[in-house]
Amino acid sequence: MSSERWHITLAVARYKQGADPHIQIFELEVDPDEYVLDAVERVWAFHDRGLVFRHACHHSTCGACGMRVNGQEKLTCITPIRAVCQKDGTLKIEPLRNFPVVSDLSVDMTSLYTRTESAAGAQVLNLKHSSLPFEKNLFPDDGLEHERLSDCIECGMCVSACPAALTDAAYAGPAALAAAHQTVVQKGLSALPAWVDSAEGVWRCHSGFECSAVCPSNVDPAWRIMELRRLVILNRVRCLFGLNKD
Amino acid sequence: MKTPENSWLWLYKIVAGLLIVALLGIHFVVNHAVAPEGLLSYADVANYYQVPGIALMEIAFLVFVVSHALVGLRSILLDLNPSPAILRTANTVLLLVGAFAIVYGVWLVFVIQSRG
Amino acid sequence: MPDKPSAIVVGAGFTGCALAYDLSQRGFAVTVLERGEIASGTSGRTHGLLHSGGRYCVNDRESAVECIQENLILRRIASQCIEYNGGFFVALNDEDLAYAPRFVEGAQACGIPVEQLSIAQALRLEPNLNSQVKAVYTVPDGAFDPLRLALAFAASARWLGAGFRPYHQVEQLLIDGHGNCAGVQVWDRSADKRCDLRADLVLNATGAWAGSILKGTRAEVVVTPTPGVMVAYDKRLINRAINRLIEPGDGDILIPQRRMVVIGTTSYETEDVDYIPVEADQVAQMYRDACALVPAVAQTRMRGAYMSARPLVGKGQAGRSLARTFKCFDHQESDGIAGLITITGGKATTCRAMAEAAADLACKKMGIQAACATAETPLRSYRDYYRAPGGAQ
Amino acid sequence: MRNHPSPSRFPLWFDPRSRHPGTWAFILNRITALGLTLYLFLHLYMLSKLSQGPEAYDTFIALAKTPVIMVGELLVIAAGLIHGFNGIRIALTSFGIGTRRQTELFWLMMVLAGLGTLFFGYVMFFKD
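Chains as they are written, first to last, in this note's numbering: chain A, 427 to 672; chain B, 347 to 462; chain C, 9 to 401; chain D, 885 to 1012.
The shape of chain A in the complex, shown without the other chains:
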């Protein structure tokens, strides 16, 4: 979206079912103000129609285009090339970690969808419940009931960045735990899914805060996990002393 032109090198992770994974190099002329996803799409359009990648909305509302750019999880549709690359530089594009690769840059996120569903994570929320409590005056408020699409776009980047998810396939992961917290905010502690308070749930987290660092959508999963811990422990203690009204 500028007249500037950069020459960059794209090192793209390639994988086809039954073949060996490898890195393929593409040389591109790009506008540095375009987004990384545009560069990837350009590779598909002009260099290799076999390139497989996932994308849909191109403006950060759908979460389909999460990839690792130079090792770091990025929502590629809103990551300007300028922000992650130098002129004449190289961009390494890899699929998200901690999910099986379907092909090239596309991963199978069934586990994430299954878990957020079992956390009863709603996509449409009441405006009042839809923000983090420490955010102030974010949206115009006319006193009426409004709804909005939730912050979590289920892009899977938090799971990709989580060190605990590297080795433990059973760990629910930050996205599902954040969804569970959102559910509790909306419906109360009685709506807490049972798996949250288990080894695969909120106690598997090792406070790396990587999920919140890479989240493109303001969900702050780490903060939500810590809140869940506090709520669960408080609830346990209350039960112990018979103070619980639930």
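Errors might be hidden in some of the hints.
[Said to hold, decoys possible] Only pairs whose alpha carbons sit at most 16 Å apart, straight line, appear in this in silico EDC-like list of lysine to aspartate or glutamate:
(1) C:K323 to C:E228
(2) C:K223 to C:D280
(3) A:K518 to A:E453
(4) C:K243 to A:E561
(5) D:K949 to B:E383
(6) A:K442 to C:D196
(7) C:K243 to A:D567
(8) D:K1011 to B:E383
(9) A:K442 to C:D200
(10) C:K201 to C:E179
(11) A:K554 to A:D567
(12) C:K142 to C:E123
(13) D:K933 to B:D390
[Stated by the list, open to error] Covered stretches of chain C, going by a simulated chain A footprint (3 or more residues, C-beta under 8 Å):
(14) 193-206
(15) 242-248
(16) 282-289
Everything labelled a hint here was simulated from the structure, so no lab data went into it.
From a predicted model like this one, the values you see are computed outputs, not experimental measurements.
Heads up, the beta-carbon is just placed ideally off N, CA and C, and yes, glycines get one too.
Using the hints provided, position chains B, C and D relative to the given structure of chain A.
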């Protein structure tokens, strides 16, 4: 279903960790007061254990450190997504190791104290 | 019991997904082929406005009626991915004001509930709205999540047995000895393998690509791919969709979506739909148009700029003059190719109705009596697409 | 293609590349945890010399006063300080205290651990 690392176990790990930090602090203060030159010989150690309350403090420290370490090891093991059989075995081994370490430590404290 | 008639749906945009759902419900064995993933073409990149029909009620009443009818249906069956807060039509100058009577009359004729608000009332409801507005009307607009809307239809289809094959690109239609369509030749891009798939019916639901997929056959469908640029800004400044009270034009709709506002759109024509760059001057134009509606956009960071190619049926001088309604082609009638149907045109808001029309035709061809039932029951959770029996595809 | 969670990928826990301070803290915590646990059992074994009487113990201590062992001791102290201070950070953030300032908290804790290590290093090597 795995044996859960449930809320209590996690809370214990955190609380024990904080108690260890607190006991270490007290330990240094007491140590400095009782033996400013440090516990560098057998005699120093033996004298140190004659101070009332020291044995109790050291035993508490031992219990918290051993249990915190073993619960921590178990949670690293849980990160590796062990099968229920492996986890059961690990639970038993960790319990035995912990029990042995504590019994042995307590025995050692009484041995030193009795020789003071 | 005889085998189910088989159908191949080409394209997993809104139309293809809704069509797969409708056909599965009516007793077809459906396979959906998509060269990308769900909604990776025009559908995914749509603006996201659940139209009340107000945009079209003066010049294109057929589309307007379709919109308000489908708006009400989608709110019933797909509330899981729609933020429904209504919308405004706002007049910014005297020219806009002059359009108002025609707008009100058109809306009433199309059955779109409109109501005029006082300026003070409108500014109380939407404090970030341009305070210089001269007239404000409410309409039942909404905003939807494009991927999740498509996924919800796809999920419902999969749970009725439809098979989805993403990353499968149709390379050509298979024409048998009688000149009829027998299936498709397909390239599985994820395994780099090619194969032929046969079916009783092939339904071309490729939208802006509907013409190019028919290349190599006698059949022809004239679609004018008409891209438009949209720009997203990093703050939710409004809760309702804000439409400019003018004839359909550029940069006349600003919608809230999640934490953003999205302005759209421009309109130009193109030949190559596979890669359309976003031009800087169009982004600048969208910025000016957004600021005219909601001045606070000027203090908001741009989050993303993108474009989407509308599939307009026919050929016109300017895209805006083409109707936004959809068209279903029976290639047996038009070109003498049995077993092939094309459905294209239309809008996201009307995708279910498009699927209904195409499925009606498919049923007629296969002698199936079942009536369309997609308007009645809510769709499955979009996440069920990935949790369907048989797992990921 | 091996991209999904698997126990065999545990070395990646310790890969600090393209990670943020929170994960550096996790890496340090895990390394020090394993180191300190090893030390704990070595230490318990070492103390068994106490039960064998004064001579055994004093000979052993004399042996332990070599510079190499003392550097090792300082490492144990540093590990203890890092693990302890970071543990305080985890406890605080887990109960909602400073959760949103965890990066700053991490640096604060590491500065405290560093100062503590310097203090003990000074006492052990230079103060007599």
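Against the structure, the hints:
{"no.": "1", "hint": "C:K323 to C:E228", "in the structure": "13 Å, holds"}
{"no.": "2", "hint": "C:K223 to C:D280", "in the structure": "14 Å, holds"}
{"no.": "3", "hint": "A:K518 to A:E453", "in the structure": "12 Å, holds"}
{"no.": "4", "hint": "C:K243 to A:E561", "in the structure": "13 Å, holds"}
{"no.": "5", "hint": "D:K949 to B:E383", "in the structure": "15 Å, holds"}
{"no.": "6", "hint": "A:K442 to C:D196", "in the structure": "10 Å, holds"}
{"no.": "7", "hint": "C:K243 to A:D567", "in the structure": "14 Å, holds"}
{"no.": "8", "hint": "D:K1011 to B:E383", "in the structure": "11 Å, holds"}
{"no.": "9", "hint": "A:K442 to C:D200", "in the structure": "7 Å, holds"}
{"no.": "10", "hint": "C:K201 to C:E179", "in the structure": "12 Å, holds"}
{"no.": "11", "hint": "A:K554 to A:D567", "in the structure": "9 Å, holds"}
{"no.": "12", "hint": "C:K142 to C:E123", "in the structure": "15 Å, holds"}
{"no.": "13", "hint": "D:K933 to B:D390", "in the structure": "14 Å, holds"}
{"no.": "14", "hint": "193-206", "in the structure": "holds (count 4)"}
{"no.": "15", "hint": "242-248", "in the structure": "holds (count 5)"}
{"no.": "16", "hint": "282-289", "in the structure": "holds (count 6)"}
Against the hints set out earlier in the document, no violation occurs for any number.
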